[in-house]
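Trainee: Listed here are the chains, written in short residue letters.
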Amino acid sequence: MRIAKVIGRVWATRKLPDLEGLKLLILQPMEVTGSRPQGDFLVAADSQQAGPGELVYYVTSKEASFPFDRKFTALDAAVVGHIDRIDL
Amino acid sequence: MRIAKVIGRVWATRKLPDLEGLKLLILQPMEVTGSRPQGDFLVAADSQQAGPGELVYYVTSKEASFPFDRKFTALDAAVVGHIDRIDL
Amino acid sequence: MRIAKVIGRVWATRKLPDLEGLKLLILQPMEVTGSRPQGDFLVAADSQQAGPGELVYYVTSKEASFPFDRKFTALDAAVVGHIDRIDL
Amino acid sequence: MRIAKVIGRVWATRKLPDLEGLKLLILQPMEVTGSRPQGDFLVAADSQQAGPGELVYYVTSKEASFPFDRKFTALDAAVVGHIDRIDL
Amino acid sequence: MRIAKVIGRVWATRKLPDLEGLKLLILQPMEVTGSRPQGDFLVAADSQQAGPGELVYYVTSKEASFPFDRKFTALDAAVVGHIDRIDL
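Chains as they are written, first to last, in our numbering: chain A, 296 to 383; chain B, 296 to 383; chain C, 296 to 383; chain D, 296 to 383; chain E, 296 to 383.
Derived by calculation from the structure, the hints in this document are not laboratory data.
One or more hints might be untrue.
Note: identical chains are not told apart, hence a pair may lie in one copy or across any two.
Subject to a maximum C-alpha distance of 16 Å in a straight line, what follows is the list of computed EDC-like cross-link-like pairs (lysine to aspartate or glutamate) [to be verified]:
1. K318 x D341
2. K318 x D379
3. K318 x D335
4. K318 x D382
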């Protein structure tokens, strides 16, 4: 999993029917303290009612469809939790 | 998922029978505002009648075969939606 | 698999129910001798009671859910063993 | 999928029984016009009788075993089509 | 698949029961002629009795568990063949 900050949202009306109703977030991956950006942004489905500026962690690849009811959903990234604290 | 602009098309007559009839697009991944290129191009199957210059989002890996009827299609990237708006 | 040192822990109370009870570690991948950092940190589930400073190896992608009982767990990285010795 | 030129071949007599009879090509990924190398070479199984110098496209990850009859073949890259033309 | 040289071995007594008895090699990926290192080392399971200094090819991701009898083994890289010759 990776740590990211929610920095925006993508709106798409024309899309696969399987993706209807899913909220698409723009995530900026963060370095280990969660305070500075690191690497390229990505688009991820939200399973956690995450809002702008929140620190979350996300999964990629096939695992990204597991938070959602639909089988075979065409997703490759999903937010799966909010981060409360990072201990280093 | 990633954001990309459709920049071209690939034509291939000799290919796996499983891939017959699929339109293959050339995608240029874009940075977060959708206005500048970022990273290397790729070839993706089109499930959304996307045309040149359009901003889309796509999935990679096994998820890429889910938009299509055929099971086990040998695909690793697919356009799954058009982007209407990006809020940052 | 990759070699990493455990450098911290992530706490997340709001998350997918599937992830309840899993310990999330922060891993710093290491170069081949196991003595210097190499590459970016990641968050991985712990199947091996690994503690801070320990040298471990981990798997990524779908394989990361195999150490755990729950099927379809939304995980993409997991510690699967402690490293005793590296012979070069 | 990615675009590549066939630049060589790998011979391996001692290997997994599942891989017997598969032709292994060395592919050089190409930039978008198909005329200049871009990125690192890889080894891919051939499902398309591709020869040296030919421009092809290939899939990676689990999708790479789909062109072949055997289930569970330990492959992570396969040529799936010849490229006739690239429109930009 | 990628080409690599076997450069060492990892010993791990505390690990997932699924991984018992698997030999873990340290691989150094090589450039296309097989004579110079290219990229970062990784740890892979051995299905081919490969020894130090030998040139092999390996698969990554889910494919890496296919050479082994156990289903769901938590592996993401495996040596699947020895390389006899590379033709360029």
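Trainee: Which of the listed hints are not met by the structure?
Mentor: 3
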